[in-house]
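Which chain is which? The protein sequence lines are Y and Z, in order.
With the working numbering applied, the first sequence has no gaps in its numbers, which climb one by one up to 763 at the end.
With the working numbering applied, the second sequence has no gaps in its numbers, which climb one by one up to 1387 at the end.
Honestly, I wouldn't trust all of these hints.
[Claimed, not checked] Chain Z regions said to be covered by chain Y (calculated; three or more residues, Cβ under 8 Å):
1. 1137 to 1149
2. 1368 to 1377
[Unchecked claim] Which chain Z residues stay away from chain Y? Per the calculated CB distances, all over 10 Å, these:
3. Ser1170
4. Leu1171
5. Gly1214
6. Thr1218
7. Arg1222
8. Ser1223
9. Val1244
10. Leu1284
11. Leu1325
12. Leu1340
13. Ala1354
Simulated from the structure, these hints should not be mistaken for lab results.
Think of the CB as a built atom: it goes at the ideal place given N, C-alpha and C, for glycine as much as any other residue.
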Amino acid sequence: MIEARQLTKRYGEKTAVDRLDFEVKPGMVTGFLGPNGAGKSTTMRLIIGLDAATSGSVSVNGRRYARHAAPLQEVGALLEARSIHPGRTAFDHLMVLAHTHGIPRRRVDEMIELTGLQSVARKRAGSFSLGMGQRLGIAAALLGDPATVMLDEPVNGLDPEGVLWIRNLLAGLAAEGRTVFVSSHLMAEVALVAEHLIVVGRGRLLADTTVQDLVRQAGGDTVTVATADPARLRAALASPGVEITGRAGSEQLQVSGLSARQIGLAAAEHGIALFELTPKQVSLEEAFMDLTRDAVEYHGAVTSGVAA
Amino acid sequence: MSTAMEARPAGAGAGPVSRPAYKVTGRRVLRSEWAKLWTLRSTWITLALGLAGLLVFGSIAAVRYKSLTTSGGTRPGSGEFVNASAVTLTLFGVRFGQLALGVLGVLVAAGEYSTGMIRSTLAAVPRRLPVLWSKAAVYGVVAFVVGVAGAFGGFLIVNAVVNGTPAHMPLSDGGVARSLLGAGLYLSLVGVIGTALGMLMRSVPGAISVLVATLLLVPGLLSLLPTSWQDNIGPYLPSNAAEALYALQHAPGMLSAGTGALVLLGWTVLALAGGAYRLVRRDA
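Taking the hints into account, I'd like the entire structure generated from these sequences.
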């Protein structure tokens, strides 16, 4: 369980995290989404106290992270930035962390096995590929058997097999009742594993919602219909929970709350001829872009004049 | 590598109720820092260099002294070897040893920042200060052992070389053991100051520069000041306090060995306070 209250972090003039309020609940995967530079990594650093909040607070299982007797047992974190000494072997790196908590060597061996690092455990971490380094980071995060697992862009640099492995791992951790908090700038990736979503842009909370609701809000379940007599169709479809919009003088209507199939059947029942019946497909990616359009830090240049 | 990668629950069956009770304690942080030190190749290399420096430079000085005195080219006790004794010859190595041990002290702390390891370290020990105390304690002890071993080892070699010259002196002579232990203590404190500077500067080159400047350049710059200032400030500089700590004979104007040790300890505490302040107050 992670609770942020008005969490704010300023670096000089720049506000990286702006009065964030959110809760991350146990037993499910919560996706932490936002474009690059939205403040996701900073928020995670604030959660484990690497950075101090300018104002507001964030607690883990009811207390500040640093106030726990066994911090690694509360939160296991994989940060985006590399957090290992390249001269130390994977095994030694994990042992060094294990020593601080009195975690037995057996547990270190288990984590090496879990992350598939057996063959390279005695090699220096500096020689690891991106994917290997990511696995070592995950082994370190899970070392303390943490109630909350927090991973910053865990699939970055992983091959498809690794991506699949992470996905299953996260689902497994959540099923065990742990709090799982995973950041990404890729909606599609998060939608596959996350139940709940926290979306940020420019440090602000944009949405605290579920995957389904996000799609609905973005207009994912509207159907476009066209008919010669829109007024009659409106009357035929009208019922509680159904919303119909359309411009005057246009044959088209946007219907939400009914499926294309239901609309078609209702029209046939009333003998209304339809010229068009199109369910509007909004991808998660579009819904996400809609939400964050104004909050994107770095827009790609569209003008061609400057191209050298 | 592939196959056995099914996402097995990390708890290995342990439900939240039966979770083991882990806990961070001071002793465990010490244990961790001890393991950190010895699991890096750079530690072994730098310590070996430091020890070799202590042994080799003293030996070179001894051989040179011996050849000068036996060939009769210069009279004993003149030129670069004024009042040379086995102790002063041995201590030629300290100048090199302090660099190696000081640099390793810097690496112990600033190396974590340059590699990013500090994030893992502070995630495990978010109260932070135990990390600095443990680093200083572990490395201080290791540097002391290496420093004392180098000083006494160097003395034995030097004494064997200068056997039969006026420089020869038994270990049991007044002040010899104190002098050699003082050299060991000095090397240990230089190491700890290096660690504190590493924490303070968070940069390996930055902290090494400050350390080297303090040990080697500041005494030279002091000569630019008026004489009265030199006399008042000079003895309290780290390098001069150190000399007072391990010198066999104390020239006028020099601090006593005990006072020198205290002054050096004061500098160490100051550096540690600076490192602690930065560690606690600034984002990692």
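Taking the hints in turn, this is what the structure says about them:
1. 1137 to 1149: Three-residue rule met by the segment 1137 to 1149 of chain Z, so holds; n is 6.
2. 1368 to 1377: It is violated: at least three residues are needed, and the segment 1368 to 1377 of chain Z offers just 0 whose Cβ sits closer than 8 Å to chain Y.
3. Ser1170: Consistent with the label, Z/Ser1170 stays out of reach of chain Y, its closest Cβ about 42 Å off (over 10 Å).
4. Leu1171: holds, 44 Å
5. Gly1214: Violated, since 7 Å does not exceed 10 Å.
6. Thr1218: Contrary to the label, Z/Thr1218 does not stay out of reach of chain Y, its closest Cβ about 5 Å off (not over 10 Å).
7. Arg1222: violated, 4 Å
8. Ser1223: violated, 4 Å
9. Val1244: Fine: 17 Å to the nearest Cβ keeps Z/Val1244 off the interface.
10. Leu1284: holds, 31 Å
11. Leu1325: holds, 38 Å
12. Leu1340: holds, 34 Å
13. Ala1354: holds, 44 Å
Of the numbered hints stated above, those contradicted by the structure are hints 2, 5, 6, 7, 8, listed in ascending order.
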